[in-house]
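A.B. asks: My request is simple: use the sequences and hints to build the entire structure.
This is what each chain is made of:
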Amino acid sequence: MGNDILYGYSGRILRVDLSLCTLTVEEPPLEYYQHYLGGRGFIVVTLLREVAAGVDPLGPSNKLIFALGPLTGAPLPGGGRNSIGAKSPLTGAFGEAEAGGYWGPELKKAGFDAIIVEGISEFPVYLWVHEGEAELRKATQLWGMEVAQAHFAIRKELGDEKVRTAVIGPGGEKKIRFACISNDITHVAGRTGLGAVMGSKKLKAIAVRGSSEIRISNPEVLRNLSRWLAQNFKDKSGVWRYGTGYLMEGYSLAGNLPAHNFLDGSFDQVEKITAQAICEQHRIEMYGCHICPLRCKKRIKIDVPYEVDPIYGGPEYETLAAFGSNCGISDPKAICKAHEICNRHGIDTISAGGTISFAMECYEKGLLTLKDTDGLELGFGNAESMLKLLEQITEKRGLGLLLSEGSRIAARQIGKGAEDFAVHVKGLELAFHDPRLKQGLGLHCSVNPAGPDHASAIHDTVLVKGPQFEDWGTIDVNESIPSTEMSPRKARLLYQYGLWTHLANYLVLCILVPYTKRQIQEAVEAVTGWPMSYWRLMKTAERGITLGKIFNVREGFTDADDVLPKRIFLPQRKGNLGGVDPGKFAEARKMYYQMLGWDEKGIPTTARLAELDIDWAYEYLESMKQ
Amino acid sequence: MGEMVVMIRAFIPPNEAVEGFRLGEPFELNLIDGTTLKELIQRIFSKNKGRIGLMAINGKIAQDHAVLLEGDKIDLYSLLEGG
Numbered sequence: 001m002g003n004d005i006l007y008g009y010s011g012r013i014l015r016v017d018l019s020l021c022t023l024t025v026e027e028p029p030l031e032y033y034q035h036y037l038g039g040r041g042f043i044v045v046t047l048l049r050e051v052a053a054g055v056d057p058l059g060p061s062n063k064l065i066f067a068l069g070p071l072t073g074a075p076l077p078g079g080g081r082n083s084i085g086a087k088s089p090l091t092g093a094f095g096e097a098e099a100g101g102y103w104g105p106e107l108k109k110a111g112f113d114a115i116i117v118e119g120i121s122e123f124p125v126y127l128w129v130h131e132g133e134a135e136l137r138k139a140t141q142l143w144g145m146e147v148a149q150a151h152f153a154i155r156k157e158l159g160d161e162k163v164r165t166a167v168i169g170p171g172g173e174k175k176i177r178f179a180c181i182s183n184d185i186t187h188v189a190g191r192t193g194l195g196a197v198m199g200s201k202k203l204k205a206i207a208v209r210g211s212s213e214i215r216i217s218n219p220e221v222l223r224n225l226s227r228w229l230a231q232n233f234k235d236k237s238g239v240w241r242y243g244t245g246y247l248m249e250g251y252s253l254a255g256n257l258p259a260h261n262f263l264d265g266s267f268d269q270v271e272k273i274t275a276q277a278i279c280e281q282h283r284i285e286m287y288g289c290h291i292c293p294l295r296c297k298k299r300i301k302i303d304v305p306y307e308v309d310p311i312y313g314g315p316e317y318e319t320l321a322a323f324g325s326n327c328g329i330s331d332p333k334a335i336c337k338a339h340e341i342c343n344r345h346g347i348d349t350i351s352a353g354g355t356i357s358f359a360m361e362c363y364e365k366g367l368l369t370l371k372d373t374d375g376l377e378l379g380f381g382n383a384e385s386m387l388k389l390l391e392q393i394t395e396k397r398g399l400g401l402l403l404s405e406g407s408r409i410a411a412r413q414i415g416k417g418a419e420d421f422a423v424h425v426k427g428l429e430l431a432f433h434d435p436r437l438k439q440g441l442g443l444h445c446s447v448n449p450a451g452p453d454h455a456s457a458i459h460d461t462v463l464v465k466g467p468q469f470e471d472w473g474t475i476d477v478n479e480s481i482p483s484t485e486m487s488p489r490k491a492r493l494l495y496q497y498g499l500w501t502h503l504a505n506y507l508v509l510c511i512l513v514p515y516t517k518r519q520i521q522e523a524v525e526a527v528t529g530w531p532m533s534y535w536r537l538m539k540t541a542e543r544g545i546t547l548g549k550i551f552n553v554r555e556g557f558t559d560a561d562d563v564l565p566k567r568i569f570l571p572q573r574k575g576n577l578g579g580v581d582p583g584k585f586a587e588a589r590k591m592y593y594q595m596l597g598w599d600e601k602g603i604p605t606t607a608r609l610a611e612l613d614i615d616w617a618y619e620y621l622e623s624m625k626q
Numbered sequence: 001m002g003e004m005v006v007m008i009r010a011f012i013p014p015n016e017a018v019e020g021f022r023l024g025e026p027f028e029l030n031l032i033d034g035t036t037l038k039e040l041i042q043r044i045f046s047k048n049k050g051r052i053g054l055m056a057i058n059g060k061i062a063q064d065h066a067v068l069l070e071g072d073k074i075d076l077y078s079l080l081e082g083g
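Chains as they are written, first to last, in the numbering used here: chain G, 1 to 626; chain U, 1 to 83.
The hints are simulated quantities; they were obtained by calculation from the structure and are not laboratory data. Computed from a predicted model, the values in this text were never measured in an experiment. Among the clues, some could well be false.
To be verified - With a straight-line Cα cutoff of 27 Å, these simulated BS3-like cross-link-like pairs (lysine-lysine) come out: (1) K162(G) - K202(G); (2) K272(G) - K234(G); (3) K156(G) - K174(G); (4) K272(G) - K60(U); (5) K38(U) - K465(G); (6) K388(G) - K272(G); (7) K73(U) - K236(G); (8) K73(U) - K465(G); (9) K162(G) - K38(U); (10) K175(G) - K465(G); (11) K566(G) - K584(G); (12) K272(G) - K73(U); (13) K234(G) - K517(G); (14) K202(G) - K73(U).
C.D. replies: Here you go:
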């Protein structure tokens, strides 16, 4: 393929075999880019084709893929992200996570659209990608370093303060099942344990630096979009003032704020742990990602009683809920410290918080005792114990050793009914939006191949406005449906609108930048020069969802895994919302399967594979049947 | 009719510049006695009322027919998105 006809991409994918110490460059055909677009699309195709069923996620046969999208690095806010995927060590299913910052744009300027990492190195290494070249470098001197230490050590070694890094901390090295990968210290690909995969390969970091121009088919359109955003973002979204978490009091009122391990949907001390409270007391600055005016990330500093290092940023909404309301904790300083510990060691705040709140409930119900906790009083609301237990998880010590496996494995080990308190789907802890209020989100969480990923979910409370709001009618959101409804028409809303929300994973576009659908379509056309329609964009998302499902089916996952935690079928203890109706859930899930072209067991049909032009994937379903 | 003072905290922007208004921060407003929540929204936030996700008075969910009282704390939340 001649690169002179490809806009928005570099046209090159780097393959790194750590066992053989080889680096090769591949140039996929144009059709590959047009068919899968990027991000989750590139990842799922690679995993399905190259990772055999049943491999150990932490063994040499798993592959770790870093992938960009067409908008990555374009002169357009929202294009600062990159996607990472592998078979997840936390779920055993298709795993994927995304992070913002500057690493993705830098990789594209360095001349690559993706990096496929395979094998296992004999000793710790890091990958240095620069100006179209790549090399593996010894990292024994970095092994054991915390995230920020490693980041600065790499910059110093390479003699360039503008190098961008994707780093694992000690959490990834220790293969904690919910370890993450951190871009430039604070932009974190948190979910599904990809840091553990990187650690298993003894790959400490990928450092990138590049200066090549990303060619854009029609730059004027992007300039106009950026200008529009600069003029309008303050009216369109509130994240620029406090970052995420500024609506927590509203969440609590509505029953959307998980508290006490999802027993409750509201928290009576919520005002102490909101983004506003954190900003007013501890913020030193806001910062952001690649050319984005929203600057939605807060940096906080605390001196006493806990020293919280501002180098590790500050907590987003999910973290505020994870270590705050869901652990029954109202001390903002303790939450900020927990956030710092997670970022320092490189572990996911959502899974860490979800696993600790699970342990707290086990303790309150007598399933864990002081003997199990080495004397920690682990009841809800105990901030000191929460922090000590988190440290134990990072050190894989005491009860922390068991909890470092995540809530699913821990619950099985504890037994005595503990599985009823483990709030996860397929082993991935739920993000902090209550499916009893957002029931379409719940349906998404149950079926989504990557597990309960809140970023690609629909949020029913937004969609209640129906077709008259913004441009939702253009993708056939044609009626207002209550957020607490679970029904065939909710399944249709998830199918139609959900394809759009999933699309961000393939474009690798930030969902917090308030573009309209029309503007996103225009942006993709302007970058690539390809004619785009909503149909074409949404079909790309559907293609990826179905391929992810095939990956999971091949791994032995069935419709019995496309469920919600037991707790979600019960009423909230406080918050006044009833549980999801099991019968209505089953009916809606069946409808959703069928809308996706899957059979009643959730297995994609040959007809839908043909319709999506991914007939090639059928062989993987056939091999599963044999 | 007399006047009263209420405290408003809104996560949606007003129709036009309102003195003292900052997104998500409380500001005082003088209203005529007997003003309802609906009338308040019509007066200041009518262009963005479709973006209101939840309304509360003194920390409790309120409907638009609620009559406001002196000293009320009114919260107007935008649609409850993710993140």
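A.B. asks: Determine for every hint whether it applies to the structure shown.
C.D. replies: How the hints compare with the structure:
1. K162(G) - K202(G): 24 Å, holds
2. K272(G) - K234(G): Measuring from Cα to Cα gives roughly 25 Å; hence the hint holds.
3. K156(G) - K174(G): 25 Å, holds
4. K272(G) - K60(U): The given pair, whose Cα atoms are some 17 Å apart, holds under the 27 Å limit.
5. K38(U) - K465(G): 17 Å, holds
6. K388(G) - K272(G): With Cα atoms ~22 Å apart, K388(G) and K272(G) stay inside 27 Å; holds.
7. K73(U) - K236(G): It holds: about 24 Å lies between the C-alpha atoms, which stays within 27 Å.
8. K73(U) - K465(G): 25 Å, holds
9. K162(G) - K38(U): 53 Å, violated
10. K175(G) - K465(G): Cα-Cα ~44 Å, so violated.
11. K566(G) - K584(G): Roughly 15 Å between the alpha carbons, so the hint for K566(G) and K584(G) holds.
12. K272(G) - K73(U): 17 Å, holds
13. K234(G) - K517(G): This hinted pair holds, its Cα atoms lying about 19 Å apart.
14. K202(G) - K73(U): 55 Å, violated
Violation of the numbered hints given earlier is confined to hints 9, 10 and 14; the remaining hints are satisfied by the structure.
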